[in-house]
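Asks: Chain residues, written in single-letter form:
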Amino acid sequence: MSIDARNQTFLMRRNFHVGGALLLTLTLGLSSCASPSDVSDLRAQMDTLSTKVAKVEREAGGGAGVSGGTQLADLETRLDNQKLRIARLRDRLERMNHRLDQLMNRIEAQTPASGATPPAPSAPGTPPPGTAGAKTPATAGAAMSPQTTSESPDMIYHQAYADYQAGHFDIAISEFDRLVKEYPDSHLASSAVFWEAQSHLNLKHYKRALALYDAVIHKYVDSPKKATSYYKKGQVYEKLGNKKAAVKSYKRVLELFPLEQQLDDLSKRRLSRLDE
Amino acid sequence: MRQIFVWKAMVGLCLVGALFLIAAPAMAIDLSVITNETRLSFKVVLVGSMEHKGSSFLTKKGEALVRKDLLETGYFEILTPPPAIAAVFAREPLDSVSAHSVAPLGVEGVVGMQFSLQGDGVQLHGVVRDPLNGSILLDKIYRTPGKYSLVVHEFVDDILYQFAGIRGVATSRIAFIGRTRHGYDLFTMDFDGENTRRMTFDNVLAFNPAWSHDRRHILYVTYLHGEPQIIDYDLSAGSRHMLFAYPGLNITPTYSPDGKRLAVALSRGRPSQHTQIYLYTFATKRLERLTYSRSNSLSPTFSPSGNALAFVSDRDGHPQIFLMDADGSNVHRLTFDGSYNVAPAWSPRGDWIAYVCMNDMHRPKICLISPDGTSRIMITHGSGRDDSPSWSPDGRFLLYSRQIRGHSKLAKIWIDGHGREFLGQYSRSVLTPSWSAP
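If you read the sequences in order, they're chains A and B. Those letters in the first sequence? Residues 1 to 276, by this note's numbering. Those letters in the second sequence? Residues 1001 to 1438, by this note's numbering.
No wet-lab data here; the hints were simulated from the structure. Treat the hints with caution; some may be incorrect.
Below, in silico cross-link-like pairs of lysine-lysine (DSBU-like), each with a Cα-Cα straight-line distance of 30 Å or less [claimed, not checked]:
{"hint": "1", "chain 1": "A", "residue 1": "Lys-219", "chain 2": "A", "residue 2": "Lys-207"}
{"hint": "2", "chain 1": "B", "residue 1": "Lys-1260", "chain 2": "A", "residue 2": "Lys-243"}
{"hint": "3", "chain 1": "B", "residue 1": "Lys-1147", "chain 2": "B", "residue 2": "Lys-1061"}
{"hint": "4", "chain 1": "B", "residue 1": "Lys-1140", "chain 2": "B", "residue 2": "Lys-1060"}
{"hint": "5", "chain 1": "A", "residue 1": "Lys-219", "chain 2": "A", "residue 2": "Lys-244"}
{"hint": "6", "chain 1": "A", "residue 1": "Lys-239", "chain 2": "B", "residue 2": "Lys-1285"}
{"hint": "7", "chain 1": "B", "residue 1": "Lys-1285", "chain 2": "A", "residue 2": "Lys-244"}
{"hint": "8", "chain 1": "A", "residue 1": "Lys-219", "chain 2": "A", "residue 2": "Lys-248"}
{"hint": "9", "chain 1": "B", "residue 1": "Lys-1043", "chain 2": "B", "residue 2": "Lys-1068"}
{"hint": "10", "chain 1": "A", "residue 1": "Lys-268", "chain 2": "A", "residue 2": "Lys-207"}
{"hint": "11", "chain 1": "A", "residue 1": "Lys-207", "chain 2": "B", "residue 2": "Lys-1260"}
{"hint": "12", "chain 1": "B", "residue 1": "Lys-1285", "chain 2": "A", "residue 2": "Lys-243"}
{"hint": "13", "chain 1": "A", "residue 1": "Lys-251", "chain 2": "B", "residue 2": "Lys-1285"}
{"hint": "14", "chain 1": "A", "residue 1": "Lys-268", "chain 2": "B", "residue 2": "Lys-1260"}
{"hint": "15", "chain 1": "A", "residue 1": "Lys-219", "chain 2": "A", "residue 2": "Lys-243"}
{"hint": "16", "chain 1": "B", "residue 1": "Lys-1260", "chain 2": "A", "residue 2": "Lys-204"}
{"hint": "17", "chain 1": "B", "residue 1": "Lys-1147", "chain 2": "B", "residue 2": "Lys-1409"}
{"hint": "18", "chain 1": "B", "residue 1": "Lys-1285", "chain 2": "A", "residue 2": "Lys-268"}
{"hint": "19", "chain 1": "B", "residue 1": "Lys-1060", "chain 2": "B", "residue 2": "Lys-1147"}
{"hint": "20", "chain 1": "A", "residue 1": "Lys-239", "chain 2": "B", "residue 2": "Lys-1260"}
{"hint": "21", "chain 1": "B", "residue 1": "Lys-1285", "chain 2": "A", "residue 2": "Lys-204"}
{"hint": "22", "chain 1": "A", "residue 1": "Lys-207", "chain 2": "A", "residue 2": "Lys-248"}
Model the full assembly from the supplied sequences, consistent with the hints where possible.
Replies: Next comes the structure, spelled out in structure tokens:
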């Protein structure tokens, strides 16, 4: 995830129950782990370092103004040091975001009444017939009782995600859908929509998957899954034989998320294949 | 070797860095969370020879192994009938009336067996009777040209399936790398540590064996030609061929659950020696790069559905476990506790990922984490250095190497951390175990 996206995610989360979050943070003694100023400072440090690294890389790569192996070695050492510092900062940022996730889970678990809303009359786009198919005994109870609000969002998410990873995509869809309906304001909602889309993709429900990836992109503008959703849309369009739309999706990844190295490289590879 | 050096350097860095870190939070879940499905217990009585014409020596050994296998499944409690009832069994071992006599004891199955020698092989006639109504639950003849243990393992797997409805592990095998006098070689053994067989005689550094889903192939990493390369050992043909020998590092191969693909870490001659994860499809012989970070990515392991992979990367400065989709997208970090989390192994049930973590004394231990990262627990303790977890095919046991005072053994443990036992009689150090499918 890009630093911008991380920061945006953080800001979104801060807006959600900010008072409760701060109170709980203090109560739990986590203030030293994740505070707004910490994250902002980290981001500033990473930006500065990234700029320095880019500059050193340019100098080392171009060779201009560098004469002799000593200077080159010095540049390489500086580059390695800066990269190490960036990695450490990224590690701290990841840990803080993880702590924030945990904090949000605790807040939502402790305030289910305020977080829960009555189930919506219908899903945002009814799942295709058969998606609520056979359920295993272990999960059927949870998945078939949408009126129950005793489960916190993270409990529903945990079960749904486990079902997804076990390949029980039909069940996962109903569980993720339930989370989104019952807790539309949960910080897990956008991820739930994303994994619901993934489940549909695995079941080859391509159009439904597209609609849900679009929901992640447009409805949850600060979603941590936004960049991946653009990429996945490209893949779905490829499956549907819509090469033009696939190219457009991959290009959007490159335009909007230049710091998403992994996705950018994957998108470039896809684009080159589509050009062949 | 550079790779090993890099990781060792990382460990050192982590240990220093850990001094400045906030102590890892207490483990997140109670042990009972992972023991729910592992405490079923069926009471059975073992009856020796159904008829008195079997080989007494073979019968004695066979019965002992059936008892051991049944107990090792964790699903059975073996009762000893009182003398009066035992006398009845002695006269009519598997008569329905005899079986019915143990019903008041709460016995749910009477297991009878008869071993006999058939030429160079062994035959086992196995019967299981329901004490309540005297009906026969299982009646099958098992034959093998090999050792009696093979038919016993099959029989016990059938019994387990009859009672618990799950496929047992008694016919599964374990591959590992064993220290030899002059180096290392590939070995296999039965699931219970018996029948150890040396498969190679190369005497060079080797590690990371990985079984194919049909147990016909073992991939492993060897330094046969000076650099780590991956060999495909075709067990059915008894032949080996080099599968990956790119310049640089060729390490940590793993099969997809359907056996059609494999994931592997290759550096492919990059000056940085950074390994990236690749996906190889057997049908098309196509190699597809999955990771693109400017750091190491290695040790991939597939989810049971084959749609996702867990792997190790030091992209954030320290080795941590990450997840990604099997197309390389959707990468996200899974582990946050500690600075050294490596060697992930995804449970066949999908509910846990086992990996090597560090305890407070900076010793490597085995941890479990749920794939969404919400639950984490350390399941091994003590002074040993635990490494290379591998799941049993039913997802109830973990196998790993445990090093104490420089000597490494294979240990088996229930996923809730109880019942640790050492496997095998191999006297030298053993490394990187891999548990096959049944």
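Asks: Now look at each hint and say whether the structure bears it out.
Replies: Going down the list of hints, with the structure as the test:
Proximity of A:Lys-219 to A:Lys-207 is assessed by CA-CA distance (about 17 Å); at most 30 Å being required, the pair is judged to hold. For the suggested pair B:Lys-1260 and A:Lys-243, the alpha carbons sit about 27 Å apart, so the restraint of at most 30 Å is met. For the hint linking B:Lys-1147 to B:Lys-1061, the alpha-carbon distance of about 11 Å falls within 30 Å, and the restraint holds. The hinted pair formed by B:Lys-1140 and B:Lys-1060 meets the criterion: a straight-line CA distance of about 20 Å does not exceed 30 Å.
Between the alpha carbons of A:Lys-219 and A:Lys-244 the distance comes to roughly 24 Å, so the proposed pair stays at or under 30 Å and holds. In summary, the hint linking A:Lys-239 to B:Lys-1285 is supported, as the alpha carbons are separated by about 22 Å, within the 30 Å threshold. Between B:Lys-1285 and A:Lys-244 the CA atoms are separated by roughly 28 Å; this keeps the pair inside 30 Å, and the hint holds. Straight-line distance between C-alpha atoms of A:Lys-219 and A:Lys-248 comes to about 20 Å, which keeps the hinted pair within the 30 Å bound.
A C-alpha spacing of about 15 Å is found between B:Lys-1043 and B:Lys-1068, which places the hinted pair at or below 30 Å, so the restraint holds. This hinted pair checks out: A:Lys-268 and A:Lys-207 have alpha carbons roughly 24 Å apart, not beyond 30 Å. Proximity of A:Lys-207 to B:Lys-1260 is assessed by CA-CA distance (about 28 Å); at most 30 Å being required, the pair is judged to hold. Annotation: proposed proximity of B:Lys-1285 to A:Lys-243 holds, straight-line Cα distance about 25 Å (limit 30 Å).
Restraint check: the Cα-Cα separation between A:Lys-251 and B:Lys-1285 comes to about 29 Å, which is no more than 30 Å; the hinted pair holds. Taken as a hint, the A:Lys-268 and B:Lys-1260 pair is honoured in the structure, with Cα atoms around 26 Å apart against an allowance of 30 Å. Taking the CA atoms of A:Lys-219 and A:Lys-243, the gap is near 25 Å; set against the 30 Å cutoff, the hint holds. For the hint pairing B:Lys-1260 with A:Lys-204, the CA-to-CA distance comes to about 20 Å; that is within 30 Å, so the pair holds.
For the hint linking B:Lys-1147 to B:Lys-1409, the alpha-carbon distance of about 25 Å falls within 30 Å, and the restraint holds. A hinted pair counts as satisfied when its Cα atoms are at most 30 Å apart, and B:Lys-1285 with A:Lys-268 qualifies at roughly 22 Å. A distance of roughly 14 Å separates the Cα atoms of B:Lys-1060 and B:Lys-1147; the hinted pair therefore holds under the 30 Å criterion. For the proposed pair A:Lys-239 and B:Lys-1260, the alpha carbon gap of about 21 Å is at most 30 Å, so the pair holds.
Taking the CA atoms of B:Lys-1285 and A:Lys-204, the gap is near 25 Å; set against the 30 Å cutoff, the hint holds. About 17 Å separates the Cα atoms of A:Lys-207 and A:Lys-248, which keeps this hinted pair within 30 Å; it holds.
Of the numbered hints stated above, none is contradicted by the structure.
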